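**Q** Residues per chain, in single letters:
Number of protein chains: 2
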Amino acid sequence: MSKIAEQIKIPIAEEMLLFEKRFYESMKSKVPLLDRITQFIVRRKGKQMRPMFVFLTAKLTGEISDKTYRAASLIELIHTATLVHDDVVDESYMRRGFFSINALWKNKIAVLVGDYLLSKSVLLATDNKDFDLLSIISRVIRDMAEGELLQLEKSRKLDITEEVYFNIIKQKTAVLISACCESGACSTNADDETIHKLRLFGEYTGIAFQIKDDLFDYNSKSFIGKPVGIDIKERKMTLPLIYSINNADANKKKWLLNSIKNHNKDKKRISQIIAYVIESGGLKYATSQMNEYKEKALDILLSFPKNPSRDSLELLLNYVIHRNN
Amino acid sequence: MSKIAEQIKIPIAEEMLLFEKRFYESMKSKVPLLDRITQFIVRRKGKQMRPMFVFLTAKLTGEISDKTYRAASLIELIHTATLVHDDVVDESYMRRGFFSINALWKNKIAVLVGDYLLSKSVLLATDNKDFDLLSIISRVIRDMAEGELLQLEKSRKLDITEEVYFNIIKQKTAVLISACCESGACSTNADDETIHKLRLFGEYTGIAFQIKDDLFDYNSKSFIGKPVGIDIKERKMTLPLIYSINNADANKKKWLLNSIKNHNKDKKRISQIIAYVIESGGLKYATSQMNEYKEKALDILLSFPKNPSRDSLELLLNYVIHRNN
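The listed protein sequences derive, respectively, from chains A and B.
Using this note's numbering, the first residue of the first sequence is number 151, and each one after it goes up by one.
Using this note's numbering, the first residue of the second sequence is number 151, and each one after it goes up by one.
Hints are computed from structural coordinates only; laboratory data are not their basis.
The hints are all genuine.
Pairs involving identical chains hold if they fit within one copy or between any two copies, as the list cannot separate such chains.
Straight line, CA to CA, 30 Å or less: simulated BS3-like cross-link-like pairs of lysine-lysine:
(1) LYS180 - LYS304
(2) LYS180 - LYS320
(3) LYS180 - LYS446
(4) LYS307 - LYS180
(5) LYS258 - LYS418
(6) LYS307 - LYS178
As the structure is a computational prediction, the values presented were derived from the model and not from experiment.
Using the sequences provided together with the hints, build the complete structure.
**A** Here you go:
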């Protein structure tokens with residue numbers, strides 16, 4: 151992403167640098183073990199998509215303020231907390247090519263560090279009386295946990311509809327990008343209608359983002375740091391598969407469900423499932439759904455006057471659906 | 151506790167019943183898996199010490215209000231969240247004689263349910279604009295996580311002083327009881343001095359509570375749901391052991407440290423350590439420290455005018471150090 155990222159960041163380059171420095175400072179703790187771990191986490195930082203959404207939507211709607219920095223910090227703290235907790239949740243695989251916190255430090259520490267980061271987020275908002283941001287982030291924490299639990303529940307039963315799939319990805323992924331855009335707008339005291347529009351823009355973008363993520367499970371050319379077919383192995387029912395199951399004849403449907411239920415550790419069988427999903431149009435369908443959400447997000451964005459921040463948000467939106475990692 | 155509990159509850163009996171009902175309602179969720187788990191948790195409820203502290207300190211300082219109920223709910227949500235997360239943290243043993251959530255539902259669900267409960271707590275406070283309570287509970291979450299991490303770090307190195315021990319138990323245990331008393335007083339709009347006094351009362355009581363808990367590791371007659379010697383096995387350095395190590399001659403000290411470091415899974419060696427701690431006065435010293443903190447708590451309590459709530463808090467304080475489970 152580095153080249154596109156630089157281009158996207160142009161309107162907020164200084165702010166992003168200052169944010170990085172401030173965030174690094176804010177992660178310091180008096181407990182040595184905690185300090186080592188949080189510094190480790192900060193160093194393995196990813197694409198910084200979330201702070202970009204916060205700063206760009208703030209700039210789109212007004213002047214970047216101290217509250218904008220806090221909004222970005224709150225979101226990053228929560229995002230980092232959920233990554234750390236995910237390392238407990240998704241037990242084995244490597245995240246972003248590094249060893250997971252879990253593998254290095256064990257489950258118990260991961261849980262406590264995640265809780266610590268969540269509390270830091272709430273404290274930062276409380277200390278600054280950012281009650282609107284507080285309400286946004288507590289809904290995010292709740293929705294993300296509910297979304298993951300809903301997904302776990304469904305992955306046992308395999309009886310998932312498209313509607314449930316969209317509910318899950320709204321809760322577990324879209325809610326965070328939506329919160330970035332909503333809190334960016336809140337930080338400039340934008341009016342309610344503007345805040346609402348940007349919340350929706352974030353939600354649609356987030357849905358497109360997750361569909362893209364789910365598509366990687368079928369694409370061996372991607373390098374996202376997770377092996378192809380891992381979702382099927384973990385019985386995560388994603389859109390391409392759901393479409394193919396729901397449009398298969400009775401025999402094929404039985405074969406698919408039986409394969410996922412009883413042969414999900416069998417590499418050859420996973421390859422067969424992937425081949426069938428591609429052949430039966432599941433991948434194509436999911437791609438078209440992703441593009442629809444991207445268009446809905448774009449429509450909202452284009453209702454704002456053209457300026458460098460809007461252009462950057464459009465680039466970011468395009469990146470979300472064209473990225474290969 | 152049941153007989154003493156009934157006596158303690160007399161001034162707040164109605165409120166405790168109503169609270170239980172309201173809390174049960176507030177735990178309901180639209181995700182079936184989550185709902186099953188939270189109802190399971192609610193049913194295995196413990197001694198309800200925390201709500202008692204909230205309601206009694208509220209009644210001591212003014213009139214019980216809706217905010218008192220919310221304060222008790224916030225604390226119970228956080229307490230429950232940390233219990234659920236502890237089930238990940240303390241991997242195997244059974245809590246309160248039930249199978250742990252972890253054993254029944256696996257780590258990943260425990261992490262998510264804990265996060266969900268934390269978010270519910272923050273949301274409840276945010277929705278009602280209880281910003282003083284919010285500040286209290288976010289400090290609690292942070293301090294508890296820091297305290298546990300500090301303990302983990304020290305259990306690797308074994309170089310723990312009494313000062314560090316007291317810091318750890320202040321953060322991992324006393325902070326929650328302290329928050330109960332502080333938020334009880336906040337809920338009646340008590341003045342700052344009163345709030346401060348009750349916060350300290352809670353802290354001293356919490357310290358005495360944790361020393362008592364640590365003493366159980368040496369007492370085979372207790373039934374607290376954890377086996378005797380488990381702290382030594384897990385290299386948790388508690389006050390009796392710290393005293394005995396720091397007052398042993400060089401040879402004995404070497405033997406103790408080597409035993410804890412390299413023979414902590416050996417039952418016979420653990421028995422020998424326990425015998426030495428008793429013989430060298432570690433148990434006696436810890437008991438006297440516990441009594442000192444109890445006296446400090448009592449001094450604060452007796453500065454309030456005598457009434458049924460104060461009497462109940464005194465009973466509760468006595469229960470904390472005389473309980474056998």
